[in-house]
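Chemist: Make a model of the complete structure from these sequences and hints.
Chains as they are written, first to last, in my numbering: chain A, 1 to 217; chain B, 1 to 484.
Hints in this document: simulated from the structure, not taken from any laboratory. From a predicted model like this one, the values you see are computed outputs, not experimental measurements. For each residue, glycine too, the CB sits at the ideal point set by N, CA and C. Where hints are given, some of them may not hold.
To be verified - For the chain B half of the interface with chain A, some residues (derived, Cβ under 10 Å), not all of them: (1) Glu-187; (2) Gly-191; (3) Ala-241; (4) Glu-244; (5) Val-248; (6) Asp-319; (7) Leu-345; (8) Thr-352; (9) Glu-362; (10) Asp-368.
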Amino acid sequence: MLSLLLIEDDPILGQGMQIGLQQRDFLVEWVKDGLVARRQLRHGNFDCVLLDLQLPGMDGEQLLREWRKSGNTVPVLIITARDAISDRVSGLDDGADDYVVKPVSIDELVARVRAVYRRKGGAPVSELKHAGVTLDPIGHTVRLREAEVALPSAEFKILQTLMEHGRRVSTREYLERTLYGYDGARSNTIEVHIHGLRAKFGKSFIKTVRGVGYILA
Amino acid sequence: MRRLIETLSRARHTLRFRLMLLVAALFVLAACLAGYFVSRHSIHELDEILNANLAQSARSVYAVLSGETEKNTSQLQDIIDRYSNFQSGLPAGLQEHDDELSENEEEALELVGYQRQVYLRLVDVGADIVISSLDYTLELPATAGNGFFTLQEGSHQWVFFGIDDQTRQLRFFMGQRGDYRSELIDEASEGVIAPVLFILPLLVYALWWAIGRGMRPLQELSTEIALRKSDNLADVPQSLATAETRPVVDALNDLLHRLKKTLQSERRFTADASHELRTPIAAMRAQIGVLQSARSESERQVAVAQMDKAAVQMTRLVDDLLSLARLDHEGGVFEMARFDLHQLLVEILADTAVLALDRDIEISLVPDENCEVNSVQRLHYLIITNLLSNAIKFTPVGGQIGIVINNSQGRVSYRVEDTGPGISEHDLKHIAERFYRSRTSSSGTEVDGVGLGLSIALRAAQLLNAELSFRNRDSGGLCAEVTW
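Modeler: Have a look at this one:
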């Protein structure tokens, strides 16, 4: 179970988010004030922080900067209602790991928290499930319904990425980078792997967005 | 006096004052130039006359003297003195420096004021005798001979005429002091300048009046505008325009027209926006009411789903309104930078393709190659996302959406093509009006969301100096193309 620190000053929104996240199996500590948040951050031990930028007491950005300066590396997800683009730049410069713009659904928020946590090298949280396919990141196994399916490591990586991305298309460039790092040569090997996955899970399991990438159906 | 200074300092910035000052300055300059040339010409003429006069006098006196060379020196001296006194018009024996002069004598002195300073000298070269008039002692140059020459004596300049009579071994010189000449010249110049100085104040006053009168149409125009009420956007009457002010009046009227149109569309926008904003909130509250007294789980679930839909609609609308407001206010201050248009399209499609895929719409981007452009990424982002969501909205289930980048001969363009119903010719004209919603979705039912997306795209294109055009495809469906 991941523990979250939710820093949000709006009472209705904060309460809704707290309950919504608790329903989805997170431990949530909710504070409404920047100064209280600072104290909590010093003493508490959290897996991820959800930070609203406009706070009473102490500004969210200031809090983040101060916190990063002190060497704390816990993942921070900014939740902002301000101009998406300018906040993205300044927020990420200050050391945030990702941002979402209000309003956001609880499910979207959960997906982003999991993604940020994983990117920061936290242990994979749970099994990934999609259309009868279950992927266990720790045990490195994939099951189609109850039957285990043996996958080459490249196909496993691609499947894991597609499952993690959920309803966002994984671009071909991103998949290439996942497999080969930044200097991977452009080739049609991704297509070969996708072909392999389709052969195992059905032709319509993965959809192609031509010129863009792939997404699970 | 203080009031005059105040009036003047206020007037300093008026056209009237500036014109008057300029014209008056030009007038004075012209008068000075005219005076200068006139007096130069008069001086020249005067010089010639006086020179001729001097030469003539010298010759006639010499004629008398040369006939008397047999006489002795004192007789000659007497003739010279008498002549010079005669020239001066003074009775013999009366000197200018005399302290006790009778009134008559003073008058006589003044009358002849100009003519006094005359000097004569006769030189008998053979007998080595020099006879001069007594009033002055002048050193004549040894080389002096026939004709005119000048001589500086103290602060005075003398003009001489010399006669060198070789046969009689006589030389005769007659000189005239310069003051006489310069006084004459001064008088002549004063005659030119004095009227100018006298006329100038009158002229300034006349100019002030005339310019004021000439500028009355301007005055009337500015009064007409100044006295307007803020909500009066009627045209400025053409009768108030002169040939010079017509461009200003025309531009002003043009501006008023545009202002009127903008105000009208703003009013309509506010009315539409308030309706569109209130509707989803009302829907949410209605569903909350349903939820509060729901009798079954299925009723509850439907209410929650409806609330979610209203919230999504509201979110979109607020996003759109904020985008529009931002574009309207920033009004073109965007920084250009190089970015990969293809990459931007890939990212946008990665985010939004799922909306199309949910409805079994096939979506594609061609060609698959980088396309560096120098432009404003943010604005392209707005254009692309709005064109795309418009296409997804109107394309029927199982349809296709294609995004095509065209990069040839240094010109980049991109287009979004769908297989939806396209637009009628009538609607093409209104497609970008805010809140205009005409196309019905493929199923014929009303489409969620309001018609702000395309006006955002158009506004962004406008700020990029890009052209966003819509046309119906031959094979059916709409094609939206951005070129710049």
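Chemist: Evaluate each hint against the coordinates.
Modeler: Status of each hint after checking the structure:
Contact between Glu-187 (chain B) and chain A, as hinted, is not supported at the beta carbon level, the nearest pair being about 84 Å apart and thus beyond 10 Å. With its C-beta approaching chain A no nearer than about 81 Å, Gly-191 (chain B) sits outside the 10 Å limit, and its interface hint is violated. For Ala-241 (chain B), the interface hint is violated, the least distance from its beta-carbon to any beta-carbon of chain A being 46 Å, above 10 Å. At about 48 Å, the closest approach between the beta carbon of Glu-244 (chain B) and any beta carbon in chain A exceeds 10 Å, and the interface hint on this residue is violated.
The closest approach between the C-beta of Val-248 (chain B) and any C-beta of chain A is roughly 40 Å, which is over the 10 Å cut-off, so the hint fails. At about 9 Å, the closest approach between the beta carbon of Asp-319 (chain B) and any beta carbon in chain A falls short of 10 Å, and the interface hint on this residue holds. Annotation: interface hint on Leu-345 (chain B) holds; nearest CB of chain A at approximately 8 Å, less than 10 Å. A cut of 10 Å between beta carbons decides the hint on Thr-352 (chain B): the least distance to chain A is about 9 Å, and the hint holds.
Interface hint at Glu-362 (chain B): satisfied, since its Cβ lies 8 Å from the closest Cβ of chain A, which is below the 10 Å cut-off. Look at Asp-368 (chain B): its Cβ gets to within about 5 Å of chain A, closer than 10 Å, so that hint holds up.
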